[in-house]
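S.K.: Sequence:
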Amino acid sequence: MKLKTLLASSALFAALHLPNSASAALDKDKITAAIEHSMARFDVPGMAVAVVEDGEVVYAQGFGVRHIQSQEPVTSETLFGIASNTKAFTSAALAMLVDEGKLDWDDKVQTHLPEFRLHDPYASAHMTIRDLLSHRSGLGLGQGDLMIWPDTNKSVADILAGLKHLKPKSSFRSQYAYNNLMFVTAGEVVARVSGMSWQDYIEQKILTPLEMTRSRAGFSRIAPDNTNYATGHIPLDGKLHPFFVNYLEDFRGAGAIASNVEEMSLWLNTQLNGGTMANGEQLFSEKQQREMWLPHINRAVSKKAFADSRRQFSGYGLGWSIVDYHGYKRVGHGGGILGMVSQVSLIPEEKLGVVVLSNQQAFSALSAVTEEIFEQALELEDKDWVEIYAEQHFSRKEKAYASAKPAMVEDYQQALPNHYYTGTLHDAWYGDVIIEEVSGTLRIDFTHTKRLKGQLKHHSGNTFIVKWDEPLLEADAFIEFTMGSDNTLKSASMRAVAPQVTDFSFDFRNLDLRATEQ
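According to mature numbering (1 follows the signal peptide of the UniProt record, and there is no 0), the residues represented by the sequence shown are -24 to -1, 1 to 494, in order.
One or more of the hints may lead you astray.
The calculated DSS-like cross-link candidates involving lysine-lysine, where the alpha carbons are at most 27 angstroms apart (straight line), are [as the list claims (entries may be wrong)]: (1) K443 with K375; (2) K140 with K426; (3) K426 with K375; (4) K426 with K215; (5) K426 with K143; (6) K426 with K381; (7) K381 with K327; (8) K78 with K215; (9) K181 with K215; (10) K215 with K466; (11) K130 with K429.
Keep in mind that the hints were calculated from the coordinates and are not lab data.
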């Protein structure tokens, strides 16, 4: 074959099989239409979206309302809880400290937090900063989250003290399992090394230099005169219910930041520019960004992900998820609070980024918007992503709620009189859970968590169903009591009635409740 023919053939092959070398011009009207379609389809009251490209903010707009009762509009300056998108900020804080020579990614955690202990002595001694940030600690999905969710009174010291009582679900560094407490720990490393609280460090060393003037490292830190913030909404029984939470303030380095799409655009552009801010100064080095965007643990890839985006691999770096996407490297993260979700997605090769914030918990609505934008920008196959995600979302939801009610018990057994189940149950990492009889009804009180109070409905034998006073938690749980030979209360275990519906951070399954002496 002649060279000219070979080159032409190679060029044709590249054109057919490789991603475009430059993104297409974005049609803002089509973006707006996709957002409005997604909001209507998923019943999302408010959403804000920004798109950055080549260092410029090419789209930033708010839609809908911050609260369905007040009807105040969402704007590009409306604050939302970005939840787990906070994790990348915590990683960046540590990267900055690495740049300053104050720590190293491979430092042992105990070097900076001498009291740090896990259940496994080897993991305790060998856990590094990298391990904290890459979900490979050996702890399970959301394990221990009841120490921070929902809205507990536990301090960082309490949380660190509780870690050693959490029995690992896998061996150290062997499996990926999303865990928030390791990022709470990472935030405390930032505090110890810098001499500032995690909150102060994030605001003074990251948000201020980036000119993210309205963003804060905690809901309580939002300026008193700034009322432009969103309230979450939970769909239940065919209607939306406003549900306020403090943007996961207790999650600290794992999920506490409040921001808006206008200011998140500054963050996205800095990420896409190798750590260089708009003013030309370096926030963190390109070298450290490569570390953060390096997969540290692999995750399984589903057939659906391959069909949707030709995904070949999926991994997690340091506070970032990393996948391939139609031949591009895609970096991003999601964040979720009851009633509020967020998504950040970057295509570094094209200096392209999208951030979507919303005040309803249909994550599929955000994914659909992001996919529609990337489809345009990267000139991918035209698909109706809103309808694709809607079909999947509502099908899953229907199946989940169909299985949400506990099955009827064939061999039903009577309960003992109520007083046999009363007393204080203690879990080594959570603390005390009190069961008491009030006006003939058994009540449960998670003593560190205001929202976890409810009543026990008998199921069968020594098993009851906990119905929380706040039904919007959607976290009904079985509690099964173990009695001694003389019917004295010995212990109890718990698990979600409908794990497909209940957020994994309600990790009742990990409690080991033991009766204390009466």
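S.K.: With reference to the structure, classify each hint as holding or not holding.
M.R.: Hints and how they fare:
1. Using a Cα cut-off of 27 angstroms, the hinted pair K443 and K375 holds, with the two alpha carbons roughly 21 angstroms apart.
2. About 25 angstroms separates the Cα atoms of K140 and K426, which keeps this hinted pair within 27 angstroms; it holds.
3. At most 27 angstroms may separate the alpha-carbon atoms for a hinted pair to count; K426 and K375 exceed this at roughly 31 angstroms.
4. A hinted pair counts as satisfied when its Cα atoms are at most 27 angstroms apart, and K426 with K215 qualifies at roughly 25 angstroms.
5. Of the supplied pair hints, the one linking K426 and K143 holds, its CA atoms being roughly 26 angstroms apart against a limit of 27 angstroms.
6. For the given pair, K426 sits about 25 angstroms from K381 by alpha-carbon distance, which is consistent with the 27 angstroms threshold.
7. Annotation: proposed proximity of K381 to K327 is violated, straight-line Cα distance about 47 angstroms (limit 27 angstroms).
8. For the given pair, K78 sits about 51 angstroms from K215 by alpha-carbon distance, which is inconsistent with the 27 angstroms threshold.
9. The straight-line distance between the Cα atoms of K181 and K215 is roughly 42 angstroms, outside the 27 angstroms bound, and the hint therefore fails.
10. Straight-line distance between C-alpha atoms of K215 and K466 comes to about 42 angstroms, which puts the hinted pair past the 27 angstroms bound.
11. Only pairs whose Cα atoms come within 27 angstroms are accepted, and K130 paired with K429 is accepted, the gap being roughly 17 angstroms.
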